[in-house]
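**Student:** So the chains spell out like this:
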Amino acid sequence: MKTRLKELRARDGLNQTELAKRARISRQTVSLIERNEYMPSLLIALRIANVFQEPIENVFIFSEEELS
Amino acid sequence: MKILMIYLIFFVYGLYKLFFGSEQLLLQANLLMISNLVVIICLMFARFNVHKAEKSSVIKVDIKVEDTHQVSLERMAYTALTSIQVALSLSFTASLVGFLLLRDTQPDIVLWSLILLVVSFLSLFPSEKMIRITNPNFNFPNPQSKNYEQEFFNQFDDGEKYVMLKGLYKLYSLVTWGLVLLAFILMFYSAFTGDSQLVSIIGIGVLLLLIQVSYTISLKPSN
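Residue numbers (the numbering used here), protein chains in the order written: chain P, 1 to 68; chain Z, 1001 to 1223.
Okay, chain P solo, but in the shape it has when bound (with noise of 0.2 Å):
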C-alpha cells in the first residue's frame, strides 16, 4: 500500500501534528502510515480522506496484486 499523506499535506499546508489533531489520531501513527510501516483501521483511513476531502482510494493506493 502506497499513501498520499505527504503530498496532500504538503498540498494543504499541515504539518503531522496538524493533521494528527484534525483526524483525532496520534502524530506518531501519522508517521508511522506516511513510511509505511503501518496500515491504518478503516475508521482512522476515512478520518484521515475526510480531512483531505478526498476519497478514501486517493489517499490510500494498494496496488492490483494485494487486491486480488
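Some clues are possibly wrong.
Derived pair list, reagent style DSSO-like, types lysine-lysine, alpha-carbon separation capped at 27 Å [as the list claims (entries may be wrong)]:
#1 K1064(Z) / K6(P)
#2 K1166(Z) / K2(P)
#3 K1002(Z) / K1060(Z)
Don't read these hints as lab results, they were simulated from the structure.
Being a predicted model, the structure only gives us computed values, none of them experimental.
Once you have looked at the hints, place chain Z on chain P.
**Tutor:** Positioned in the frame of chain P, the structure of chain Z alone reads:
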C-alpha cells in the same frame, strides 16, 4: 532548573563522601555509593532533557521543519523517560541489596538509596507540559475511576497500540528466555557453591508459569 541544582548538590556531596569521607567504607558500601551516584546522574540527565524539551517546545519554527522539530522534542521526552526508568531499576536493586548487606553498618547509604528510589518513582509521573509535547490529544482519565487502567489504555490510538504491541512482544520473548537462563545459572550456582537458591528458582518457575499461561489464555478464542 531548581530540581537540577538539588540533584547536583546531592551528587557533589556523594562524590565527597565516596572519596574524602572520614570513615573507610566497605567494598559493598562503596559499590552502593557508586550506584547511588549513577542514579543521580540518570535523574539529572532526565531533568536536563525535560528542561530542554520544555524550552524547545515554545520556540516557533518554520513550517518546513515543524515535523522534524516535533520528532526531536518527542525524542528528548522519551530519552528523559528512559533515564528515569534506569534510575528506578538501579535504585530499586540498590535499596534491596543495601538493606540486606549494609543495614547495620551503613544505614545512611541504604536510606539514601531508598530516598532515590522514591524520587525516581515520583519522577515517572510525567508533567502536564511533557504530555502536551508527546501526546497533545492525550486526556488523563479521572484518577478516581474504577476502570482507570482501561480508560488510560483507551487513550492511545491504533497506531500507538501497534507500536506498544511490537515492543511488548519482543519484551515477552526477552523476559521468558531471560528467566529460563537465570534459573539455570542459579541452579549451577547452588550446585557448585552449596549456597541454596531454591526459593529464587521456585519464584522464577512461578513467574514463568504465570507469563506463559496468561499469554496463551489471552490468545485463546472466546466462546
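**Student:** Identify every previously stated hint that the structure contradicts and give their numbers, smallest first.
**Tutor:** The structure conflicts with no hint, since it agrees with every one listed earlier.
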